[in-house]
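Those protein sequence lines, which keep their order, are chains A and B.
Quick note on numbering: the UniProt record's numbering labels position 17 of the first sequence as 17, and the sequence is numbered without any gaps.
Quick note on numbering: the UniProt record's numbering labels position 142 of the second sequence as 142, and the sequence is numbered without any gaps.
It should be emphasised that the hints constitute simulated quantities derived from the structure, not laboratory data.
The structure displayed is predicted, hence computed values, not measured ones.
We put the CB at the ideal spot given by N, CA and C, even for glycine.
Treat the hints with care, since some could be wrong.
[Said to hold, decoys possible] Residues on chain B that point at chain A, a partial pick, calculated with CB under 8 Å:
1. 56
2. 57
3. 62
4. 66
5. 246
6. 261
[As the list claims (entries may be wrong)] FRET-style restraints, in silico, Cβ to Cβ:
7. A:116 x B:52: 50 to 60 Å
8. A:90 x B:45: 48 to 58 Å
9. A:218 x B:45: 58 to 68 Å
Okay, here's what each chain looks like letter by letter:
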Amino acid sequence: MLFRGSIAKPNLYRATFTNSITNRLFHTVYHADIPILDESIFENKILKKAYEDHVPETGFTEESIKLAAKGLNYNLDNLKGVFNFTSQSKDLRVELIQYHLKSCRLKLRNYHNDANRLQTETERVRFYLEKRLLENKPIIKYYHQALARMILPSNLTESLNELHKLSDDISFYSGDKSNDFAWYSKRFSLSGVFIQSELFMLNDRSNNFENTIEFMNDKMDEVDNMAYAYNSFEEWAIFNGISTVNLIKSQLARG
Amino acid sequence: MEQSKTTHFGFKTVLEDDKEKLVRGVFSSVASNYDVMNDVMSMGVHRLWKKHLIEKLDCGMRPNSTEPLNFLDVAGGTGDIAFGLLDHARLNYGDNSSTMTVADINPDMLSEGAKRCLTTPYANSPRINFIEQNGQTMSAIPDNSKDVYTIAFGIRNFTDIQAGLNTAYRVLKPGGIFACLEFSHVDNPALDYFYQAYSFSLLPLMGQLIANDRDSYQYLVESIRKFPDQETFAGMIRKAGFYVPGKGYENLTFGIAAIHIGVKL
Chain A
1 MLFRGSIAKP
11 NLYRATFTNS
21 ITNRLFHTVY
31 HADIPILDES
41 IFENKILKKA
51 YEDHVPETGF
61 TEESIKLAAK
71 GLNYNLDNLK
81 GVFNFTSQSK
91 DLRVELIQYH
101 LKSCRLKLRN
111 YHNDANRLQT
121 ETERVRFYLE
131 KRLLENKPII
141 KYYHQALARM
151 ILPSNLTESL
161 NELHKLSDDI
171 SFYSGDKSND
181 FAWYSKRFSL
191 SGVFIQSELF
201 MLNDRSNNFE
211 NTIEFMNDKM
221 DEVDNMAYAY
231 NSFEEWAIFN
241 GISTVNLIKS
251 QLARG
Chain B
1 MEQSKTTHFG
11 FKTVLEDDKE
21 KLVRGVFSSV
31 ASNYDVMNDV
41 MSMGVHRLWK
51 KHLIEKLDCG
61 MRPNSTEPLN
71 FLDVAGGTGD
81 IAFGLLDHAR
91 LNYGDNSSTM
101 TVADINPDML
111 SEGAKRCLTT
121 PYANSPRINF
131 IEQNGQTMSA
141 IPDNSKDVYT
151 IAFGIRNFTD
161 IQAGLNTAYR
171 VLKPGGIFAC
181 LEFSHVDNPA
191 LDYFYQAYSF
201 SLLPLMGQLI
211 ANDRDSYQYL
221 VESIRKFPDQ
231 ETFAGMIRKA
241 GFYVPGKGYE
251 NLTFGIAAIH
261 IGVKL
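Excised from the complex, chain B in its bound form:
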C-alpha cells in the first residue's frame, strides 16, 4: 500500500497535500492586520531587519549601467521588501527602470500588497506586478530570468523547502543572487530560554488579544521552531546549487532572525 507523505505544520504532522491549504488559511486570516501584529510581536524590530537586508544587498542599476535589474520577491504579499528594494535603488542610484515581480501563494496577502502599492511612487506603474504563485514551482516565471530573488519570512511555510530553493535556482540568471530573511535559532542558550518563553507564552496570547486568532499565531511560533538552524539551512542552499559566500549567513538580534545568501554562478 502506498503511504502518503507527511510534513509538519507547526508541531502537528499533516499530509503534504494539506499543508498548503492550512498555510493559506493562516495567512488569509492574518492578512488584514499582518503588519500591526508583526510590529507588536517583534516590537518593531522586523522593520530594522528588513531595512538591514535591503541595505546589505545594495541592489540597483548603477548610473552607467545599461541593463535594468529584474527583481523577484517571493512570499512578499505586503510588499515591504519589494517597495524597499525599489526605493533603495531609486534613492541611491537613480534607478527608475528596474522591474519587480511580487509573488505570493495567498491572494489575500497579495491584495493587501496591491492596496499598499497605491500609496507608493510605483502605483499603477508597469515596473511592479503582483502574481499569485506557489513558491515551490513558480510556473509563471521562466528559467534564468531574474537577477535578484528575495524571500522574507516566507520560506519556512513551504511544504518542501528544498523544492523552493531549487526553484529559486531555476528562475535566477547565472550571476543572480538569492537572499532570504527568516527566523532562525538563537545560539546563546540563556537568551534562547527567554526567547522561547516569550514566543510560546506571550505571542499566541497577543494574537488572541489583538487579532482574535490564537491558532494562527500558535502556528507561526511553532513553525519558527521547526525551521532548520543556520548551518543546516546554509547547507540546503548549497545543495540547491548556489555558491554560498563565507559562512553563508548573518545572524540578526542574536540569531532570532538570520539573513542567508547564495549566488548562482
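One chain only, chain A, in its complex shape:
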C-alpha cells in the first residue's frame, strides 16, 4: 500500500522476468520477495560448503573454497574461471564474504513468527538486529578479515549495497510504513547501529555476546531518542512556518 510496485522499465532487447524482480531496490507487498541467494546453483554449493565447513577453521580465505571444492570433487585449478564470470569482484574471498552476508540475511526470514509477537516496531527492529548479529557467532574469529576486505575501495560498493539491503529488509520486516524522508533516515541509522555493533562484537568476550546486544540496544535507544527529537523539531518548525506565512498573509490583507 505504501510502496507501489513500479512497473519495471521494459528492456528493449531482451526483457526477462528475472531482471524485473532482482533489480528492485525496495520491498513491496504486491510482489514476491526478492530472491537473495539461489543455493541450488553450482557456485553457491561450493561457497556454502566452504562457509559452513571451512570458514570457522580457515577463515575467509581461498584455502576454504579450495578445500570445499575438493570435498565436492571439483578442482579450482581449472574451475576458478567460473567465479570470474559470475562475480563482480573476481576475488574468491569477496565471494565468500558476500555469501556470508546473503545467507545471514536470508535466515532472517525464519524469524517472522517470533517477531510478529512483539508489540512495537522498535522492538521488532531490535529483535531482528539481535538475530542478525548472532549469525556472526560461528565465524567471529575471522570476521575482522571479512570487514577489512569489505571496506577496500574496490569492494565498497558491493558491501554498502548489501548493508542497505540488510537494513531495508529489517525495516520492512519490522513493519516500517514511512513514505517520507524518514524512509531514508531509518535505514541510514539502522545501518549505522549495525556496523557499530559488529565492530563492538569483534572484541566482545562476554557470554553469548550479551555485551554486544546491550550495546546495540543502547544505540537503538539513541536512535529512537533522536527520532523523537527530530520529529518534535519538525513539528515545531512546520507549525512556526505556517504561522509565519499566515501572519504575513494577514498583515498584507490589512493593506
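With chain A fixed as given, assemble chain B onto it according to the hints.
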C-alpha cells in the same frame, strides 16, 4: 527417396558431407598468412580477446596441487590459445607439468602451429602434442579425460555445432570446463550497421589485397553472420548437458565476439 541433409557454408546451402571439405579448403588456403590477416582484419583486437579469455579462465596447477591439468584446444591450429594457456599456468602458478593437446581438422593449420611451437619453451616437449581430429567426433580422445576444453574461432565452422558441443561434453572429465571464444552478434543496432558494413565490404577486399583470396574471406564473414546469437548458443551449450553459469556468456567489444563457458558437473 531419401533426401540428403544440407547445411550452410557461409550464405550458400551445401550438402552436409561437403561442408567439411569446403572448410578444409578455406583454411588450407589461409593457413600460411592466417595471423597476418587476423591482425589486419581485427586491428589486433583478436589478441586482446584471446588474452582476456586466458586470464579469465585462470587455469593452471596451483603450487600445492598434486594433479596436473589436461588441456584440449580444439581448432587451435596456430596454437595461440594453447601456448597462452600454458604460459599463463607457468608464469602465474609455476605449473610445469600440465599437458596440452592441440586438435585441428586441418593439417596445414596444424603444421603452422607445430612450426610456431619451436619458438616457444614447449618445443620438443612431451607436454604438448598436435593431432589431426574432427572436432565433431574426436575419435582419438577418450571419454572423461580432459580438464579444460577451449575452442577459439573454430566452432562456427563445424558442420553440426551441436554434435561438437556434445563431443566436448563427452571428452571432459566431470568438473571440467568448456570455454569458447567466437564471433557473435552486436546487440546495438547502430553499431551493428557499421560493423556489417565494415565486414561485408572491407574484409573480403582486404582478403583479396593481402592474401589474394577473396572467396575464403567472404566465407569467414558470412559464417560469422550465420552463427547463432549469444542466447541461442548458450542454450545449445546447456542442451549438450553443461551447467552454464550466470547468463552464460560475456560480450567482447560490443558483442563482435563473445566468450561462452560451461561446466560438466
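Verification of the supplied hints:
1. 56: holds (5 Å)
2. 57: holds (4 Å)
3. 62: Holds - the Cβ of residue 62 (chain B) comes within 8 Å of chain A, reaching about 6 Å at its closest.
4. 66: violated (10 Å)
5. 246: This hint holds: residue 246 (chain B) lies near chain A, its Cβ roughly 4 Å from the closest one there, short of 8 Å.
6. 261: Status holds, d = 6 Å.
7. A:116 x B:52: 50 to 60 Å: holds (51 Å)
8. A:90 x B:45: 48 to 58 Å: violated (22 Å)
9. A:218 x B:45: 58 to 68 Å: Taking Cβ atoms as reference, residue 218 (chain A) and residue 45 (chain B) lie about 59 Å apart, which means the hint holds.
Checked against the numbered hints above, the structure violates hints 4 and 8; every other hint is satisfied.
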